[in-house]
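Asks: Here are the chains, one letter per residue:
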Amino acid sequence: MRRILALFACVAAATLARADTITVFAAASLGEALEAVVKPFEAATGHRVVVSYAGSNALARQIEAGAPATLFISADVDWADHVEQRGLAVPGTRRDLLGNDLVLVAPAASNASVRIAPGFDLAHALGDGRLALANPDAVPAGKYAKAALVSLGAWAGVEKRIAPAENVRAALALVSRGEAPLGIVYRTDAMADKGVRVVGLFPEASHPAIVYPMVELRGATPATHALAAHLGSPAARATWQRFGFRVIE
Amino acid sequence: MTGRDEREIIAVSLKVALWGVAWSLPLAVATALALARGRFFGKTLFDAAVHLPLVLPPVVVGFALLALFGRRGPIGSLLEPLGIVFAFRWTGAALAAAIMGFPLMVRAIRLAIDAVDRRLEVAARTLGAGRARVFFTVTLPLAWPGVVTGALLAFARALGEFGATITFVSNIPGETQTLPLAIYTFTQTPGQDGEAVHLSILSVLLSLGALALSEWLVRRRLPRPAHA
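These protein sequences, in sequence, are chains P and E.
Using my numbering, read the first sequence as starting at 1 and increasing by one per residue.
Using my numbering, read the second sequence as starting at 1 and increasing by one per residue.
Looking at chain P on its own, in the form it has when it is part of the complex (with noise of 0.2 angstroms):
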């Protein structure tokens, strides 16, 4: 039994000692729910999780070019494929860790109203204004966004009309602010902002699943390793499901 305790104990102390500040490249939409997430985690292990929201692509493009992160959750498969294809991840560390929707958003104030359905005329829902999304491009959010309107036969009618952002949050602030009077969000932003009200949920098949695929870094120590473990546990599902988001299992 002493011999049991003498080896928790440097286990213990072997932890404690090591702590580690575990830097996190994560999508832009994980905000407020990631920093829930890992609040809990910090104060167990000692560790310093610091984390640096942004567009997946400019957080691959980052890693890429040598970034110092251990730990990077994409808001789509692409960019998640993209680090690994470059052998920048740890093999057989990347797991499907969270699902979203995607919704139309309109200022809190206004009374716009939009049935999303196919066919359905969003360029007359504008007005004179543009639609906010994230750039459609390279950015999950704006290419969620891009096929669901294609898909629903509406992307043509807008796509002179957008007002693409450098992440999904940019977007939701120019709907926020009032400046654009729709845009095209993941549904838990537009749970975390009191400025926007959702005007419709887009149907699921209208684009691909949005899926937040976690993967470990080249360079991970083992504070990565149990970050990645507690990001995906039971303990942490209910924070996820608070903020909105499913948890694929």
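No lab work stands behind these hints: they were computed from the structure.
Only true hints are included.
Selected chain P positions facing chain E (in silico; Cβ < 7 angstroms):
no., residue
1, Asn57
2, Arg61
3, Glu64
4, Ala138
5, Gly178
Backbone N, C-alpha and C define an ideal beta-carbon position, used for all residues, glycine too.
Could you slot chain E onto chain P? The hints should help.
Replies: Showing chain E alone in chain P's frame:
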């Protein structure tokens, strides 16, 4: 990226920079004249206000513009019924460029006006010329190199403007996406370095062209005096 996109990016950049300079130049000359020759209450404060965009982080200027000239801003909401809209328009980019370049323009013109020999102005006055005539026939021609230099500095600043522009009018291809914004967008996406490099080279060429043009303008209007 296609050639058409590239031409569009350059067209937007030139349009924004040229209009920004064209609208602010007369105002800059008036401001420079007031600062060089005027004596009025609050001049120091006025001087500081004019120079503010030079020392503030550009994103602060952009944010201030957004707050004032945005669709819901106190000025923006007044101008909208008149059909003057800055939000998401190239006109907004031109406004941002004009404000960021303004202090540079005023400084160059003011120095040139300071250097004008006041005795020449006095002589013109004794010969019966009014104040306005003295300004347009004596002071302004003599300060011309400063005006050209100021306009060029402001033009270059406008071509390079990034922070205030992206904060105020976003980054919309064909409308507000100027060269620096397009380059930034390309650098944010893996595999698009080629386009970023291409546009960077174009931006160097454009700046060199502007420099050469201003040199030519200064020389053409001002044959070197024999004693210089």
